[in-house]
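Following the hints, put chain B in place on chain A, whose structure we already have.
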Amino acid sequence: MFVSVMNNISLYAIPLILLGITTYGVVKKVKVYEAFTEGAKEGFTTAVRIIPFLTAMLVAIGVFRASGSMDYFAKLVAPLTNAIGMPSEVLPMAIMRPLSGGGASGIMNGLFTEYGPDSLVGRMASVMNGSTDTTFYVLAVYFGSVSIKKGRYALTAGLLADLAGLLAAVIITNMVFG
Amino acid sequence: MINYVWFGLLFIGILVSLFTGNVQVVTDAAIDNAKTAVELSLGLIGVMALWLGMMRVAEEAGLVKKLSRALRPALVKLFPDIPPEHPALGSIMMNIAANVFGLGDAATPFGLRAMKDLQTLNTTDDTATDSMCMFLALNTSSVTLVPASVIAYRVAAGSANAVEIIGPAIFATTISTTVAIIAAKLLSKSRKHRATKPDMVVTNSVKEGGN
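Sequences listed follow chains A and B, in order.
Under my numbering, the first residue of the first sequence is numbered 1, with each subsequent residue one higher.
Under my numbering, the first residue of the second sequence is numbered 179, with each subsequent residue one higher.
Only chain A is shown next, with the shape it has when bound in the complex (with noise of 0.2 Å):
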């Protein structure tokens, strides 16, 4: 049932957030179409903005993964994972979170396929990879695209409440399916 709700909701959000908006505009006597493109010109200038940061984050992450530095790092802390309840399969992926969705998601779906989505292992990486977002990628593109280039805090706020949310959620899914 509440799959289905959720299907729907995806399913239905954007065309009445798009009907929303247009409508309330033009109940407001918005020139709505001239209104848009004038928005929308912004985009092009802002996407070609952050290709360099992009580049550079995606092709060191790359790099990472692909030599398989994940899987030494991950035995080199496994010790201290175990101490604090994390199953050392979960390592590579908690690794990964902070620098890449896209590769965080890879690492889920091959727990998923070898321990099963349902198990200890496949929740705690589900909640993980639902709990925290990319914090090298959204603070190379966003502070890329007005070239900031002294972040001062930004990273060390950012890595302590990814820290926060993998504790949390290796304590709430030993608590709730352990």
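The set of hints was computed from the structure by calculation and includes no laboratory data.
Don't take each hint at face value.
Claimed, not checked - Interface residues of chain A toward chain B, partial, derived using beta-carbon atoms under 7 Å:
#	residue
1	Ala-40
2	Ile-50
3	Gly-62
4	Phe-64
5	Ser-67
6	Lys-150
7	Gly-151
8	Tyr-153
9	Ala-161
10	Ala-164
What the hints assert, rightly or not - Simulated coverage check for chain B against chain A, where a stretch passes if three residues somewhere in it have a Cβ under 8 Å from a Cβ of chain A:
#	stretch
11	195-204
12	208-217
13	233-242
14	300-306
15	325-334
From the three backbone atoms N, C-alpha and C, an ideal C-beta is built for every residue, glycine too.
Then chain B, alone, in the frame of chain A:
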């Protein structure tokens, strides 16, 4: 710090691949990802144009202002440096709303627009303001209520109850968002970061949607 992280990823990746003899994969990964980055950015143009166009319509109709007024008490606490009528509050609100409802495609255009609006309040060219740091901390902690893609992957993998992770995920994301807010607030008050804080542009009146 981003310099060390970036270099570290490349350095460790290449070193490990040299030791394991897996050198070709590094070459492939570097070239492929460089291509992907451009494809991703260019692919974003259409979606960006769509949502930024819609946002302009919503702005001119006064809808953005109306919605951000409703959220003003919370926004003012989080972003005390932004003048109450500034368009940055509107785009920040649109970005957070898109994230909360799992509309990832719309979140990025609004987020980049928010950065642009925030930059108009910055007296420096290259140093992040407290508001930017708070906005990014919020963004990276993911305020998603429904992790739609994770649920879709679980359904595809044949989960008996794909949505059972929503509750725990909301719990975890609440914790991470709370920590993000507290960390950003505390760090902004530290002596080191106060010393590098850029001055804010002083504005008396701000035109709606102006930039």
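Now the hints, each set against the structure:
| no. | hint | result |
| --- | --- | --- |
| 1 | Ala-40 | 4 Å, holds |
| 2 | Ile-50 | 6 Å, holds |
| 3 | Gly-62 | 3 Å, holds |
| 4 | Phe-64 | 4 Å, holds |
| 5 | Ser-67 | 4 Å, holds |
| 6 | Lys-150 | 4 Å, holds |
| 7 | Gly-151 | 5 Å, holds |
| 8 | Tyr-153 | 4 Å, holds |
| 9 | Ala-161 | 4 Å, holds |
| 10 | Ala-164 | 4 Å, holds |
| 11 | 195-204 | holds (count 5) |
| 12 | 208-217 | holds (count 7) |
| 13 | 233-242 | holds (count 9) |
| 14 | 300-306 | holds (count 4) |
| 15 | 325-334 | holds (count 8) |
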